Amino acid sequence: MTTTDMPRPVDAGPGRAASKKGTRKAGSGGLRRAVPATTLLWILACLYGLPVLWFILSSLKPASELFSYPLTLVPHNPTLSGYVTAWRSANFSQYFLNTALVCVITTVLTVGVSCCTGYALAKYDNRWLKAFFVCILATTMLPGEVMLAPEFLVVRNLGLFNSFAGIILPAVLTATGCFMFRQFFLTVPDELVEAARIDGARELSIFLRIMVPISRPIMLTLAILSFQWRWNDYIWPLLMLNDPEKFTVQIGIQSIVGAQNINWSVLLGASVISMIPLIAVFLVFQRYVMGADINAGLKD
Amino acid sequence: MTKRAPDVSVSPPRRRRSTYVFAPFVLIAANVVLFSLFFVWPAAIGLVYSFTNYTGVGVFQFVGLDNYHHLIGDSAFYSALTRTLLYAVLFVPLNFAASLLIANLLVSKHAKGSSVARVVFFVPWLLSPIVVGVLWRWLFGENFGLVNYVIEKLGGSAVPWQSNADLSLLVVVMAASWTWTGFSMLLFIAAIKNVPVSYYEAASLDGAGPWRQFFSITLPSIAPTSFIVILLNTINAMKEYPVFVALNNGGPGTSNNLLVQYIYETGFKRGQIGYASAASFVLMLILMAVAIVQLFVNRRVENR
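First to last, the sequence lines map onto chains A and B.
Its first residue numbered 3, the first sequence is counted upward by one per residue in the numbering used here.
Its first residue numbered 190, the second sequence is counted upward by one per residue in the numbering used here.
So here's chain B without its partners, still in its complex pose:
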């Protein structure tokens, strides 16, 4: 090693990183194949089918923009869409606030027993959406649930958690926030721990209190993580389905059918694959819009 050192300093290798083509290609090859097979291909035929009346078997005809025209006038689609958006608007901020608060408490050196508490917060995330649905159904059952039992014991009257559409959605929002806290919290904890301690030392020398430190140091420093958390949670909210199925089966009636359930039912139960594909593309446009808006906001925040 020491022998070679002078060599290196005389003529350092000036190969540009961009000259490496073979190695990165080998490394990404598997994912490129998977990407083409299970992403590009479905996306392409999905786009094609969205202009047809394909039912999954047999021949199909191109029907132009008919599917999209029908979609615009389809009240079931509209209610699924607004319900999904409402769900996301409720779920994302609740989860963000809860997990950021918990992450800060867990990182704080003042809170005792944080290693045990961390496990408690994390366990719900391990449960499957189906089990989460079952669990909250058991908790919020109208006639048998613990929550209504406690409410009645305290002198209230049973709350229609299952038969009122809005309350039913609220239960799912709580259930989902409860589940996803563990994951978001983990991202926040990692981000907060990566903020250099010297920032806080400098701030406290300058007399900044804990709140000031949180808003002036922690929050800006973890902005990229916050962005990821909001993005992931929005996407998760837009494609939520299993929790609803297990908790109330999109009910009462069809009032809490979200987009994915709508797509699933039109595509597979009614066999209108063309029509379901059109609905899928509307969902895709929404997700892309969300991502673009968030990217844009993030750029502005980071002042890059």
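Bound-form chain A, shown alone:
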């Protein structure tokens, strides 16, 4: 296989022999395919990037310039006044802290619980686990948004109304998280578990010592997902929280949108501020989200 393959890329230097059909690797016929693929990719990237770019650049415009024709992409007098007003207005900084607190706690709990459940579902085999897996899948059929009223009553009856626990606890169980870990642990060969058992490891220490460390990429991926979900949650905190001191960022932004006359300058500022934490988290952990080679270290 390799011996018959090797000569080709060697004598098919880039530029020459463009007609040679060959490997997927760049080289033969590279340019002919590279130009349309790259062009299409970047046209799409511009389409996707433009709304955000326009939004951020607009947020840098002073209020007077926002609606002045002709519209310009780049602000004439860039200013941060929109951000400053937004940050100072109402309790926006308080909302920001509240949201951060809720996000971090929920994320830690979600990752821990999902990892345990996913492992149990992947590596053990009995009727109850199968039934529970179906149950977890059923939660995707009936998400919190759908059971708003009864779930609200349950949380109220548990005495969690108007508390952060009321937002955090119902959000910890996620089918996506359990599913991600289950899929990952299914790819981990059973031999690894068997070998550990033969060496005399107990079940829970197999999980803690072997399985938890190798699932780190999935943990980070789920952590970022969970952080994002909770940061962006709107409807549940809106129902749960009564006290303006406890509002989250999204409720704060929506209250600006819901006003009779939208103050676009403040709205743009507040929205951009609310985007910052997620984009920062994402840029730091980008490798784990994007490059997530789910099979890292476990090639067959």
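Accuracy of the hints is not assured; some may be wrong.
Computed footprint of chain B on chain A; a stretch qualifies when at least three of its residues, placed anywhere within it, have a C-beta under 8 Å from a C-beta of chain B [what the hints assert, rightly or not]: (1) 57 to 69; (2) 85 to 91; (3) 133 to 140; (4) 265 to 279.
Which chain A residues face chain B? A few, computed with CB under 8 Å, are given here [as the list claims (entries may be wrong)]: (5) Val148; (6) Glu153; (7) Pro246; (8) Gln262.
Over the 10 Å line for every Cβ pair with chain A, so calculated as not near, a few chain B residues [as the list claims (entries may be wrong)]: (9) Gly253; (10) Asp263; (11) Val278; (12) Leu279; (13) Asp355; (14) Ala412; (15) Phe485.
Simulated from the structure, these hints should not be mistaken for lab results.
If you're wondering where the values come from, they're calculated on a predicted model, not measured in any experiment.
Virtual Cβ for every residue (Gly too), placed ideally from N, Cα, C.
Since the structure of chain A is provided, determine the placement of chain B on it from the hints.
Below, chain B without anything else, positioned relative to chain A:
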């Protein structure tokens, strides 16, 4: 280790996996509790309340199937239902096609700069639905938006993105597809990368072009992922609410009130918890039907 090796080969441990009961139970215990508290309990009382005229406080009476009878004759419910289905029918294929195309371009070795482009595609997914709504409202504002400005510059007339119900829905479909591309794309990229390279090598030795390779290798190999993407997106579409609230508040008027907004408004604004629960159960039946149909189709495709 080497000392023990002969031992093992003589009498390999023949314990069946199913004998482990304690460890898996400990591992799933937390989720079982959460599941019972925040899923089974609400679902059960929701089902009970859907047969009552409960308003959230005080006593309630059982009214039998009255809520469901009213629901069948409720034109507001019907329009919310059809609007939600229409939204899902538009959003799911658009998002699927866009994210599959982008994932293929990003994985392809021919496209340059894919690591930067990937970030660009991914950023919208990080934004909250509320911010996405605000952003697209800013972009598609009738009197002040960039899009209408460009259309007018090019000689067209301002398009009523906000006051026409169908155009308004279209803006939300675009906004949602734009947001969700990042996530679907990520799933597709992981799936495409997991397809063994040797398949492609074998195919190209046999003379299969890129299109043939895509349809005969990539698409069948990523079928399970496609299934997940369609399932998740359908569910997301059925429960969409915040983007609509921020973008046009379900408007103009109530024309783009989707199911969740309908449930929210009947349940919390008008206090008809019993009635809203009945509407919730209709939504649940739809979601279950979607999931069952997709499971069935997926089985057929995979020939299992």
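Now for the hints, and whether the structure bears them out:
Counting residues of the stretch 57 to 69 of chain A whose beta carbon lies closer than 8 Å to any beta carbon of chain B gives 4, which meets the minimum of three for the stated coverage. Only residues whose C-beta sits within less than 8 Å of a C-beta in chain B count toward coverage, and the stretch 85 to 91 of chain A has 0 of them, not enough to reach three; the restraint is violated. Only residues whose C-beta sits within less than 8 Å of a C-beta in chain B count toward coverage, and the stretch 133 to 140 of chain A has 5 of them, enough to reach three; the restraint holds. With 6 residues having a Cβ less than 8 Å from any Cβ of chain B, the stretch 265 to 279 of chain A passes the three-residue criterion, so the hint holds.
Among the interface hints, the one on A/Val148 holds; its C-beta lies about 5 Å from the nearest C-beta in chain B, closer than the 8 Å criterion. At its closest, the beta carbon of A/Glu153 sits 4 Å from a beta carbon of chain B; the interface hint therefore holds under the 8 Å criterion. Hint status for A/Pro246: violated, given a least beta-carbon distance of 17 Å to chain B, over 8 Å. Restraint check, A/Gln262 versus chain B: the minimum CB separation of about 12 Å is more than 8 Å; hint violated.
The Cβ of B/Gly253 sits about 19 Å from the closest Cβ of chain A, beyond the 10 Å cut-off, so the non-interface label holds. Annotated as non-interface, B/Asp263 keeps its C-beta farther than 10 Å from every C-beta of chain A; the closest such distance is 17 Å. With a minimum CB-CB distance of about 19 Å to chain A, B/Val278 clears the 10 Å threshold, and the non-interface call stands. The beta carbon of B/Leu279 sits about 18 Å from the closest Cβ of chain A, which is more than 10 Å, so the claim that it is off the interface holds.
No Cβ of chain A approaches the Cβ of B/Asp355 within 10 Å, the least distance being about 21 Å, so the stated non-interface status holds. With a closest Cβ-Cβ approach of about 15 Å to chain A, B/Ala412 is found to remain outside the 10 Å limit, as its non-interface label requires. For B/Phe485, the non-interface assignment is confirmed: its Cβ lies about 15 Å from the closest Cβ of chain A, beyond the 10 Å cut-off.
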